[in-house]
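*Asks:* Using the sequences and the hints, build the whole thing.
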Amino acid sequence: MQHARLIATLRRIGILAIAVSGVAYLAYVFFHEPGDDQGGDRLVISVYGVSQDSFRKNLYAPFEAECGCTLVVETGNSAERLSKLAARKNNPEVDLAVFSDFDALAALRRGLLDPIDVSRLSNYNKLYEFARDPIGGHMAVGYTVYATGIVYRTDKVAISSWRDLWSPSLKDRLVLPTLTSSGGPLLLQMLERAAGGSDPTFAGALAQVAANKRSVVTFFERSANLVQLFQQGEAWAAVTGRYNLPLLLRLNMPIAWASPSEGDAGGRNVLVLIKGSRRRALALRFLDKWLSTEVQTAMALDLVDSPANREATLPPNVASLLTYGPEMIERMNFIAPAVVLDHRAAWTKAWNETIAR
Numbered sequence: 009m010q011h012a013r014l015i016a017t018l019r020r021i022g023i024l025a026i027a028v029s030g031v032a033y034l035a036y037v038f039f040h041e042p043g044d045d046q047g048g049d050r051l052v053i054s055v056y057g058v059s060q061d062s063f064r065k066n067l068y069a070p071f072e073a074e075c076g077c078t079l080v081v082e083t084g085n086s087a088e089r090l091s092k093l094a095a096r097k098n099n100p101e102v103d104l105a106v107f108s109d110f111d112a113l114a115a116l117r118r119g120l121l122d123p124i125d126v127s128r129l130s131n132y133n134k135l136y137e138f139a140r141d142p143i144g145g146h147m148a149v150g151y152t153v154y155a156t157g158i159v160y161r162t163d164k165v166a167i168s169s170w171r172d173l174w175s176p177s178l179k180d181r182l183v184l185p186t187l188t189s190s191g192g193p194l195l196l197q198m199l200e201r202a203a204g205g206s207d208p209t210f211a212g213a214l215a216q217v218a219a220n221k222r223s224v225v226t227f228f229e230r231s232a233n234l235v236q237l238f239q240q241g242e243a244w245a246a247v248t249g250r251y252n253l254p255l256l257l258r259l260n261m262p263i264a265w266a267s268p269s270e271g272d273a274g275g276r277n278v279l280v281l282i283k284g285s286r287r288r289a290l291a292l293r294f295l296d297k298w299l300s301t302e303v304q305t306a307m308a309l310d311l312v313d314s315p316a317n318r319e320a321t322l323p324p325n326v327a328s329l330l331t332y333g334p335e336m337i338e339r340m341n342f343i344a345p346a347v348v349l350d351h352r353a354a355w356t357k358a359w360n361e362t363i364a365r
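Final position of the sequence shown in the working numbering is 365; the numbers increase by one with none missing.
Careful: at least some of the hints might be erroneous.
Below, in silico cross-link-like pairs of lysine-lysine (DSS-like), each with a Cα-Cα straight-line distance of 25 Å or less [stated by the list, open to error]: (1) Lys283 / Lys297; (2) Lys179 / Lys221; (3) Lys179 / Lys164; (4) Lys283 / Lys97; (5) Lys164 / Lys221; (6) Lys134 / Lys297; (7) Lys134 / Lys65.
Distance ranges between label pairs, derived from CB positions [what the hints assert, rightly or not]: (8) Glu72 / Lys92: 19 to 25 Å; (9) Ala219 / Leu349: 26 to 32 Å; (10) Glu302 / Thr162: 33 to 39 Å.
By construction, these hints were calculated from the structure, which means they are not laboratory data.
For every residue, glycine included, the Cβ atom is placed at its ideal position computed from N, Cα and C.
*Replies:* Structure below.
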C-alpha cells in the first residue's frame, strides 16, 4: 500500500514539474526575443580600425562597465569584413557591425542582416532624419555623418561652385579622390548636380573628369597623400571629406572649406545587426549606447565622428571642424545607397576606360 502511494505521489510531482516547465517555456517564447539569453557575457563587433583608442575610452570601456560583459573588437576595411561575414553566414561570430550606408545595403542584399527593433532604442528619436532608416526596413541606423566638399588655398583661388574645379587657375594644382575611395562617387554626384543633371549613370560627370584629367595632379586614395601635396605646395584645391579638414588646418596655411552654391555631398556610416546573432539584446543595448548624446558628444570632441544625434552640443572651435549643425546638415546631398550599388560597376568601367588609363 505504501509503495502504491509513493508511486502516485511521484506521478503527481512529475505532472506538476511538466506543467511548470511548460509555463516557463511559453513565457520564454512570448517574452524573450531570439538571441536574448544565448552567448554569455561576450559581444563581438566588427568596425573600422581608425581611432580605436578614442572608441575604447568613450564607448567600449563604459559599456563593459555597465553590462559586466566583454567586447571583442574585430577591425578591417569594409571589403574584408563583408567577405568574412559572408563566409560565416550560417554560423556568425559577429553580432554588430559598422559600414557605409551602401556597404550596409550590400550586406542586406547578401542576407547578412537582421532588422533593428527601434522601439527598444531610447536614443532613436534624438537622431537626424537622415540617420533613422538609411537603407529601408529599419535594417540600419546612422551613427555619424560627413560632408565631402572642396578645400582650397584662399590666397590662390576663389571657389563658389563645383564648376570652379575646372578653372584655369587650378590647372596642375587640383587633387581629386579616385573612384574607389569613399569620395569618388560623391565627387561625380556633385559634378553632375553642378551641371544641372540628375543621371545616375553620372555620364556627364565622368566626361567632365575625363576632359580635365590633365589638370589633376593626382587622384588620391589616402588622407596622408592629400596633406603632403598641400604641404609641398603642389595642391591648391582638393575634394575631400570634412574629417580631413583638421589635418589640413594644422599646416598653418590659408586653407578654407568652400561653400559652393550646389552644397556639399553627404555620406553616412551606419550600425547593423548581423543575422543569426546569439546576443541580440546585448547588441541592441550597445547600439543604443553608441547613439547616446554622451557618446556622440565625446567622439565629436575627440574629432573622430560628427554626431548623428541632434542633441549633441559642441563648442564653436570643435563644431567648425566637423559636419555639425542644421545649416551644414541642410546643405548636404546624399546619394541613395541603391544608386551606388546598382551603378558602381558601370562607373568603374567608364573611369578605367577614360580616366585611369
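*Asks:* State for each hint whether it applies.
*Replies:* Okay, the hints, checked on the actual structure:
no.: 1; hint: Lys283 / Lys297; in the structure: holds, 20 Å
no.: 2; hint: Lys179 / Lys221; in the structure: holds, 10 Å
no.: 3; hint: Lys179 / Lys164; in the structure: holds, 12 Å
no.: 4; hint: Lys283 / Lys97; in the structure: holds, 8 Å
no.: 5; hint: Lys164 / Lys221; in the structure: holds, 20 Å
no.: 6; hint: Lys134 / Lys297; in the structure: holds, 12 Å
no.: 7; hint: Lys134 / Lys65; in the structure: holds, 23 Å
no.: 8; hint: Glu72 / Lys92: 19 to 25 Å; in the structure: holds, 23 Å
no.: 9; hint: Ala219 / Leu349: 26 to 32 Å; in the structure: holds, 27 Å
no.: 10; hint: Glu302 / Thr162: 33 to 39 Å; in the structure: holds, 37 Å
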